[in-house]
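Note that the protein sequences, when read in sequence, are chains A, B and C.
Numbering of the first sequence is given in this note's numbering, commencing with residue 1 and proceeding in unit increments.
Numbering of the second sequence is given in this note's numbering, commencing with residue 1 and proceeding in unit increments.
Numbering of the third sequence is given in this note's numbering, commencing with residue 1 and proceeding in unit increments.
Keep in mind that a hint or two might mislead.
As the list claims (entries may be wrong) - A few chain A residues facing chain B, derived, Cβ under 8 Å: (1) Ile71; (2) Leu80; (3) Phe81; (4) Leu83; (5) Val85.
Because the hints were derived from the structure by calculation, they are not lab data.
All C-beta atoms, glycine included, are put in the ideal place defined by N, C-alpha and C.
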Amino acid sequence: MSSEHSHFHVVPAAINFKVFLALIGLTILTVITARINLGGPWNIVLALSIACTKAILVFLWFMHLKYSHAINRVVIGSALFFLIVFLGLTATDVFFR
Amino acid sequence: MSTINFEKGVIPSHHFSTVSQEYHAGILGIWLFLATEVLMFGGLFVAYAIFRNMYPSVFHDASQLLDMQLGAMNTVILIASSYCMAQAVHYTQKGETHHAFTLILLTILCALFFLGVKYFEYQHKFHEGLLPGMNFTHANATREMGIFFGLYFVMTGLHAIHILVGIGLMAWLLLRFKRNEFSPHYFIPVDGVGLYWHIVDIIWIFLFPLLYLIG
Amino acid sequence: MEVESNYLNHEKGLKSWLCSVDHKRIGILYFIAVMTFFLVGGLFGLLVRLELLTPTRLFMSSDLYNKAMTLHGSVMIFMVIIPGIPAVLGNFVLPLMIGAKDVAFPRLNLLSWYFLMFGATLAVLAIVLGGVDTGWTFYTPYSIRSMEAVTVILFGAFIMGFSSILTGLNFIVTIHQLRAPGMTMMHMPLFGWALYAAAIIQIIATPVLAITLLLLIAERLFGVGIFDASIGGDPILFQHFFWFYSHPAVYIMILPAMGIISEVVSTFSRKTIFGYKAIAFSSVAISAISFFVWGHHLFVSGQSELAGAIFSILTVLVGVPTAIKLFNWVATMYQGSIKLDTPMLYAIAFIGLFLIGGLTGLFLASMATDVQLHDTYFVVAHFHYTMVGGVVMGMFSGMFYWMPKITGKMYNELWGRVSAVLAFLGFNVTFIPQFIMGSQGMPRRYHLYDPKFHAYHLTSTIGSWILGLGIVIAMIVLIKSFKKGSVAPVNPWGGTTLEWTTPSPPPHDNFAQIPTVTSRPYEYN
Chain A
1 MSSEHSHFHV VPAAINFKVF LALIGLTILT VITARINLGG PWNIVLALSI ACTKAILVFL
61 WFMHLKYSHA INRVVIGSAL FFLIVFLGLT ATDVFFR
Chain B
1 MSTINFEKGV IPSHHFSTVS QEYHAGILGI WLFLATEVLM FGGLFVAYAI FRNMYPSVFH
61 DASQLLDMQL GAMNTVILIA SSYCMAQAVH YTQKGETHHA FTLILLTILC ALFFLGVKYF
121 EYQHKFHEGL LPGMNFTHAN ATREMGIFFG LYFVMTGLHA IHILVGIGLM AWLLLRFKRN
181 EFSPHYFIPV DGVGLYWHIV DIIWIFLFPL LYLIG
Chain C
1 MEVESNYLNH EKGLKSWLCS VDHKRIGILY FIAVMTFFLV GGLFGLLVRL ELLTPTRLFM
61 SSDLYNKAMT LHGSVMIFMV IIPGIPAVLG NFVLPLMIGA KDVAFPRLNL LSWYFLMFGA
121 TLAVLAIVLG GVDTGWTFYT PYSIRSMEAV TVILFGAFIM GFSSILTGLN FIVTIHQLRA
181 PGMTMMHMPL FGWALYAAAI IQIIATPVLA ITLLLLIAER LFGVGIFDAS IGGDPILFQH
241 FFWFYSHPAV YIMILPAMGI ISEVVSTFSR KTIFGYKAIA FSSVAISAIS FFVWGHHLFV
301 SGQSELAGAI FSILTVLVGV PTAIKLFNWV ATMYQGSIKL DTPMLYAIAF IGLFLIGGLT
361 GLFLASMATD VQLHDTYFVV AHFHYTMVGG VVMGMFSGMF YWMPKITGKM YNELWGRVSA
421 VLAFLGFNVT FIPQFIMGSQ GMPRRYHLYD PKFHAYHLTS TIGSWILGLG IVIAMIVLIK
481 SFKKGSVAPV NPWGGTTLEW TTPSPPPHDN FAQIPTVTSR PYEYN
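Okay, chain A solo, but in the shape it has when bound:
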């Protein structure tokens, strides 16, 4: 790839701080909602949704994935994709025996 720009983007301190606050807020949220029985699978669905949101915040801003070359997003996206394949196909065995 010979088309890289020679400039690099700096994530502003203010954005880092906002992400930090959001992460703390989401942590508080997940702890509070864990104590409430939402019935069925909804507790785990909510907990995982919150965790995923936190992870996305860290990936996109703390890890500046939002501002990086697309290939880096493809790399981590592929890793997550194949992990889901691993879980999904293993589940077709374990839960359908």
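With the hints as your guide, set chains B and C onto chain A.
Same frame as chain A, but now just chains B and C:
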């Protein structure tokens, strides 16, 4: 949003044409490494998912034996450490290396605190007879709870090893800061260690609810 | 007469080799290591076949047989055919082929070699401590209970995984960032595409092997229990974990070999490769699909029928891009100006033998027939046709092809051809009987067997001697060419890729000036 111009200053390694090319190669390399971490820990999460679905009540009961408040505290500590690390990268890029140095020091302190809490937790588990295998002698534990605790120790143990390595890497960074080796034109080791540290944080972001917050 | 400065005489002394970050020297370090491991693994294989000469015990106890069989597989897989082509030929050739001065991370490259050597040392330690008898697949529960040096070899394999990951990481970044100006991805030679596709698997799959081995070690040392049925664990889960890596792993092995075949077939037919884009995209397609099929190793394990059906259908799919490549190589040869030098003989052997390997895979992909064939010699023959008939033949094709560039000398062509013919003949004599007896029920990994299979085993063992002879001759020819042989020209074969524009052997820095690429590869006048 500010930008940094690479071309003023540093010379690239002999096999690269430009500093920018070398920087982007480095970042891609780090993301590829992080992908391997995601898949390695991911395997453990797959095992967890399988067994949690197999023994939902066992996992619920076993999770009660963990201290949720310590887990939550550790989560906050690690998020704070991530924030410090992100800011450290920011200030290095801005050329404020003194500020960055302090932030990395803070990150290390948070990491050490995290490990301290984990040590305290492990000690407690040991006394309760919840360590896997032959040491699984807890009075109220069923044999399947051994699966939960086996996973708990492997997952948090492997994570703790990664924290230790992270501390080592950050100590190395501090040394290099002292030697004035980083600037707005060369900061990739700081960036790289930062990316590693954030992945360690992300892993814990999932470990916490899955291990500590069941039911 | 003054000898030109090249990467071989650039610096002298053992330290300059063991601390070198030059991709060409690291390729040589890997060559020495891999060839040594190949001899060790081959020796174990010959011992296994020798013991099987008679249906009853010949000179080994059953315990010893299990160990010889396990070590043959473990050494060959982890120490020969996984690193083989990427770390030896990929390291040497890839930067030259894309017009770069080195790989992206030369120091990580050297580190990857040390990881392999460290892992190999642990494997040797395991042998010294009495060996391992679990089979290279380490299935639970026996691998948890075996009193042999299992933990040591697991740790060795774990370390060697890092070697593989670093090589893959390096190649992906090298291909993305260090291609010469003008060389778009679609102008890159197919060996590059092959290494890229294999590298994707090295990155995604190997970490799952790492955690699998760690979990097994944790079971053995600490009784963690997730694979232990007696405390509610699932031994079949181990198989899922193990094969999630080990199936894609076979494509780490074969994709680079296929890349070599694309290069050699084009050069020695003096004709543009047929279907460049199809081969390039098929490589990446194989890489991706390879992650969806591992359950075909678990058809008779107790896996659910649903999973079996899904994996069966997906497995048949992976044959499609593979077949596309085979058609394209044959189409390349059609009406080409064919030269049957040693590299081409090995390449043609590859095409025939890999075809058989691939087709017999279909019998195993189909769940209904696999039930009959699982754990028989049919499977053993299938994977030897793909791994030896495919990967090893491909590896030797590449080695003979690039040896003049690597050593600056022409190897002995007559003995090269002899080795190819002997290896091909010996290979078939060894493994055709195995298809037959496997389909008649001869189980794999058995030390003692029903006398009705005696004739097949006898034939197979004699074949192994011919195959062994061919391989040894090949290795002698290659190694001798470092010292003896006529001076090799810059481009002895009339190849069209960039490595053939540098001197033989290349200078330390590869290119005085990075070339600007204006044409596609495989254009002959």
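Hints, one by one, checked against the model:
no.: 1; hint: Ile71; verdict: holds (6 Å)
no.: 2; hint: Leu80; verdict: holds (7 Å)
no.: 3; hint: Phe81; verdict: violated (11 Å)
no.: 4; hint: Leu83; verdict: holds (4 Å)
no.: 5; hint: Val85; verdict: violated (10 Å)
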